[in-house]
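This is what each chain is made of:
There are 2 protein chains.
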Amino acid sequence: MPKFMDVHHGMTGLTPEKFNEAHQADLAIQSEEGVTFERAWADTESGDVFCLSDAPSAGAVQRIHERAGHKADEIHPLTLSL
Amino acid sequence: MPKFMDVHHGMTGLTPEKFNEAHQADLAIQSEEGVTFERAWADTESGDVFCLSDAPSAGAVQRIHERAGHKADEIHPLTLSL
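Just so you know, the protein sequences line up as chains A and B, in that order.
Residue 67 in my numbering sits at position 67 of the first sequence, and the numbers go up by one each step.
Residue 63 in my numbering sits at position 63 of the second sequence, and the numbers go up by one each step.
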């Protein structure tokens, strides 16, 4: 399964609780698109959020994020991983 | 130890061999700044590279990347991780 890194900009004001809620909203529906979010990280100063996933396509990742209320600004296919 | 995600833009033309060489150049000297690079990923179409590290500071991460010949364009402190 391809891996993706998606990036959200401008998610300022995240608390640990809000960040967890947003991630749980993805996890709750991810199987409907065959997506598995592995990790998520936030830089709470800049408001940048990074999500690592296994997914059939970038579109599948975006559909989950959109339905969960936080569309990604970038979705990168990770053609090389170390 | 704080975690960081650094991002390099414009690293086009990466092959698996070149990407591994670049990562190994970081690993070879990372201990001199107390940095541990955990993972690295590349989107070979856009030329964006993402590196996940444990490090004492963003400056420590950048000094390793600079000495290895590939200065990062962004270094994000990961204040929240899931």
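Hints should not be assumed to be uniformly reliable.
Intra- or inter-copy, both count: the list cannot distinguish identical chains.
[As the list claims (entries may be wrong)] Straight-line C-alpha distance at most 30 Å; calculated BS3-like pairs for lysine-lysine:
| hint | residue 1 | residue 2 |
| --- | --- | --- |
| 1 | Lys3 | Lys18 |
| 2 | Lys71 | Lys3 |
| 3 | Lys18 | Lys71 |
Everything labelled a hint here was simulated from the structure, so no lab data went into it.
Note that this is a predicted model, so its numbers are computed, not measured.
Quick rundown of the hints versus the structure:
1. Lys3 / Lys18: Cα proximity of Lys3 and Lys18: in one copy and across copies (25 Å, 20 Å).
2. Lys71 / Lys3: both (18 Å within a copy, 24 Å between copies)
3. Lys18 / Lys71: Classified as within: same-chain Cα gap 16 Å, cross-chain 33 Å, threshold 30 Å.
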